[in-house]
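Asks: Sequence:
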Amino acid sequence: MTSGAHAAAFDDVKGYLASCLRFEMNGADAQRGATPASRVRFALERCGPEFDRLERADGRRLRSDGGISPSTKAVIESVMGRSGNGFSAVRY
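Each residue of the sequence shown is one higher than the one before, counting from 31 in the numbering used here.
Bear in mind the hints are in silico, worked out from the structure with no lab data behind them.
C-beta: ideal position from N, C-alpha, C; glycine also.
Incorrect hints may appear among the rest.
As the list claims (entries may be wrong) - Only pairs whose alpha carbons sit at most 20 Å apart, straight line, appear in this in silico EDC-like list of lysine to aspartate or glutamate:
1) 103 x 88
2) 103 x 82
3) 44 x 54
4) 44 x 107
5) 44 x 75
Stated by the list, open to error - Simulated DEER-style distance windows between Cβ atoms:
6) 38 x 63: 32 to 42 Å
7) 64 x 108: 14 to 24 Å
8) 72 x 41: 20 to 30 Å
9) 45 x 89: 16 to 26 Å
10) 90 x 63: 19 to 29 Å
11) 75 x 34: 27 to 37 Å
12) 87 x 63: 12 to 22 Å
13) 107 x 65: 10 to 20 Å
14) 91 x 34: 19 to 29 Å
15) 45 x 90: 33 to 43 Å
16) 38 x 68: 11 to 21 Å
17) 39 x 63: 17 to 27 Å
Go ahead and model the full structure; you've got the sequences and the hints to work with.
Replies: Rendered as structure tokens:
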């Protein structure tokens, strides 16, 4: 694969996780009345295959964030926001 094709495929994997998280956070199964941290945790559980696929695609790990990759953290932050919604209280 060329580097451009590889980058596009990697972006697709990040997009799949972002779409899944948005769907689970806003979908019919979203936990109404739950704390923001538990809603984020629930969405991450429901998006397990997409989460795992991105983790395999990005071999880097952040020890301070429970061992997730910087790419995964960036996708989660882009969907959930960085403050006021429970993201900081979630442990992976």
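Asks: Does each hint fit the structure? Answer for all of them.
Replies: The hints, checked one at a time:
no., hint, in the structure
1, 103 x 88, "holds, 11 Å"
2, 103 x 82, "holds, 13 Å"
3, 44 x 54, "holds, 16 Å"
4, 44 x 107, "holds, 12 Å"
5, 44 x 75, "holds, 16 Å"
6, 38 x 63: 32 to 42 Å, "holds, 40 Å"
7, 64 x 108: 14 to 24 Å, "holds, 21 Å"
8, 72 x 41: 20 to 30 Å, "holds, 26 Å"
9, 45 x 89: 16 to 26 Å, "holds, 19 Å"
10, 90 x 63: 19 to 29 Å, "violated, 36 Å"
11, 75 x 34: 27 to 37 Å, "holds, 34 Å"
12, 87 x 63: 12 to 22 Å, "violated, 35 Å"
13, 107 x 65: 10 to 20 Å, "holds, 18 Å"
14, 91 x 34: 19 to 29 Å, "holds, 26 Å"
15, 45 x 90: 33 to 43 Å, "violated, 19 Å"
16, 38 x 68: 11 to 21 Å, "violated, 35 Å"
17, 39 x 63: 17 to 27 Å, "violated, 39 Å"
The structure fails hints 10, 12, 15, 16 and 17 (numbered hints given earlier, in ascending order).
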